[in-house]
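Participant: Sequence:
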Amino acid sequence: MAIADRPDEPAMTPPTPPARLPLSGADGPAGDAAAAVRSMLDGQMLDQLVARMRTDGVRLSGPGGFLTEMVKAVLDRTYLIFDGEAAR
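Take the sequence shown: its letter number 41 is residue 151 in the working numbering, and every next letter is one higher.
Because the hints were derived from the structure by calculation, they are not lab data. Small disclaimer: the values here were computed from a predicted structure and weren't measured. Every residue gets a Cβ at the ideal spot worked out from N, C-alpha and C, and that includes glycine. Don't take every hint at face value.
[Said to hold, decoys possible] Computed beta-carbon distance windows for the label pairs: (1) 174 <-> 145: 26 to 32 Å; (2) 169 <-> 191: 27 to 33 Å; (3) 177 <-> 152: 15 to 21 Å; (4) 164 <-> 193: 24 to 30 Å; (5) 172 <-> 193: 26 to 32 Å; (6) 173 <-> 149: 26 to 32 Å; (7) 175 <-> 155: 25 to 31 Å.
Use the sequences and the hints to build the structure in full.
Facilitator: Pasting the structure below:
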């Protein structure tokens, strides 16, 4: 008897594939990321971020560091935005 034929067990459904993000490069070149970053984060803003990290005693990299937490925040926000668009 196949698993799906067993009345005491629910039929298994395949998992939903993960959302494909346009920035992943899966569909081709993602563009000039360095130019995009420079256009969004000017030198003054970067100077303010570095000064704030020094004042607050925050490490730049590594577990719990600024870059690690920034990447997590951007990815979390990206998933929220794309999940919201997919639900529409």
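Participant: All hints are to be evaluated individually against the structure, with a verdict given for each.
Facilitator: Hint check results:
no. : hint                    : verdict
1   : 174 <-> 145: 26 to 32 Å : holds, 30 Å
2   : 169 <-> 191: 27 to 33 Å : holds, 28 Å
3   : 177 <-> 152: 15 to 21 Å : holds, 18 Å
4   : 164 <-> 193: 24 to 30 Å : violated, 36 Å
5   : 172 <-> 193: 26 to 32 Å : holds, 29 Å
6   : 173 <-> 149: 26 to 32 Å : holds, 30 Å
7   : 175 <-> 155: 25 to 31 Å : violated, 19 Å
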